[in-house]
Structure formats: structure tokens, C-alpha cells
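A.B. asks: Sequence:
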Amino acid sequence: MTGRMAGRSALITGAASGIGAAVAELFHTEGATVMLTDVADAAGSALAERLGDRATYRHLDVTSEEGWTSVVDELTSSGAWTTLVTSAGAALRSPLADTSVDELRRILDLNVIGTFLGVRAAARSMTGPGASIVTIGSLRGLEATTGLGAYGASKAAVTLMARVAALEVAGQGIRVNTICPGSIATPITDRPDFDGTDWSAYVASIPLARRGTADEVASAALFLASDDSAYVTGTELVIDGGTAAGRTTPVS
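Under this note's numbering, the first residue of the sequence shown carries the number 1, and numbering increases by one thereafter.
Quick caveat, the hints were computed from the structure, so don't treat them as lab data. Hints may be right or wrong, so weigh each one.
[What the hints assert, rightly or not] So the derived label-pair ranges between C-beta atoms look like this:
| # | residue 1 | residue 2 | range |
| --- | --- | --- | --- |
| 1 | 209 | 125 | 39 to 47 Å |
| 2 | 171 | 50 | 38 to 46 Å |
| 3 | 73 | 41 | 17 to 25 Å |
Quick reminder that beta carbons are idealized off the backbone N, C-alpha and C, glycines included.
Please put together the full structure from these sequences, using the hints given.
C.D. replies: Here it is as C-alpha cells:
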């Protein structure tokens, strides 16, 4: 522990598992007071209990304005709110021609509306030195991938919204950045209907020849939330093992 988040108060959505849980654990280890939020109450409560002091869990449906009001009111009643990480979201693998409007709305509600409500709440309520918003986008929001049109569109919206927010809240001393993970081993991405099941073939296309971990994404979130990135705002940090860099070809 180096205390890089000492004295800060962080709200993390989707904190019951995957990237959100890894972020909550790392921030707590680095000295932050953390509010874990999710709809998976049993897992979220268990993690907060394991973390102990400076950790609480609250139920939050990120698409609910009332839910956001409740958790933010509680958080700000005990001091300054300095940090937000929007990790809650959903994935869908489906060709556009086979995607229903209801499926599209579900993805947009969770990924876009859920992020919007968090960013808006932070813009209205976040204070204190070192204030930072970290949204979770995706490599799929930066490049086209067949079967991930709805998911990619939602993450592209998150990325652009974060850039706009960075411009709008810079005068308040709040920084806003987006992490765009590639293939990360999490409960969502390990679902057979997300990115296929032949991970050996997929990994072969990654320059670093492996999938990333939630802990590696959490380390990036720590960088963006801490003073280590004090002059960084309005940008994306891609964590993809080199996937977006280009293609490799044999050299003979």
C-alpha cells in the first residue's frame, strides 16, 4: 500500500464482481473510503464486509435516477465525494439484423444511461482536490466488430460522453477519462454469448498472446483516479495487449 487514494471517497458501480470489484479492492488498499454499488447484493455485501473499515455496499440500479440520488446523498453527507468509477454494464453478442429493439434498449440503458446518470451526479456533487471520474468504455467502442454492434455503439457513446464531460467540468477541477479494455477475463466477457468460446484462437490474435485481467484494468483506474494523472483529462486509455495497434505479418 502506497496511500495513493488516502483521504478520497470513491463510488464504484458494478462493484460486486469483475473489474468493479478489482477497482474497489485496489482503491481500498490504497487508502480510499469506498462505496460499492451493484444489484448483486449478496456478492457486493460480502466483498464490502471482507474489505472492512472504509467500505460499504449499497444496492444501486444505475438506470434509476432515484437510486443515484440516494447513494450520492449518503456519500456526500459524510464528506467530500472525490472519485467515481462507472463499471456497471452489460454485453450482447448479436448481429444487428437479429437484434431486437428491446435488446438494444437494455444495452443502452445500462451502459449509456447508467453512465450518464453517474457522470451527471458527479458533475453536480463532486468536490475536493483530485476529483476524478473514470468511465469504462471498451475497445469495441473504438473499432467495429461483427456481432457487437449494439454493445460497441453503447461504449462509443460512453467514450464521447466522457470527452464532453471532461470539457464541461474542467473548471470545477474534475478530470474525466475513459478506460477502453480489450479482452479481459471477467464474468461478463466469459459468457459464451459475448465473444465466442474459442479463446485459444482469439488469444492468438493478441500481440501479447493472452487476455487481460480485472486487476490490470483496476491498476489503470488507480492511475487515472490518483494524482499520478493530474494533467490527464478527456482521453482514453486502451488496455488490450496491443490488439488495436495493428496487424502482425510474417517477415521473410
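A.B. asks: Which hint numbers does the structure go against, in order from smallest to largest?
C.D. replies: No hint contradicted; all consistent.
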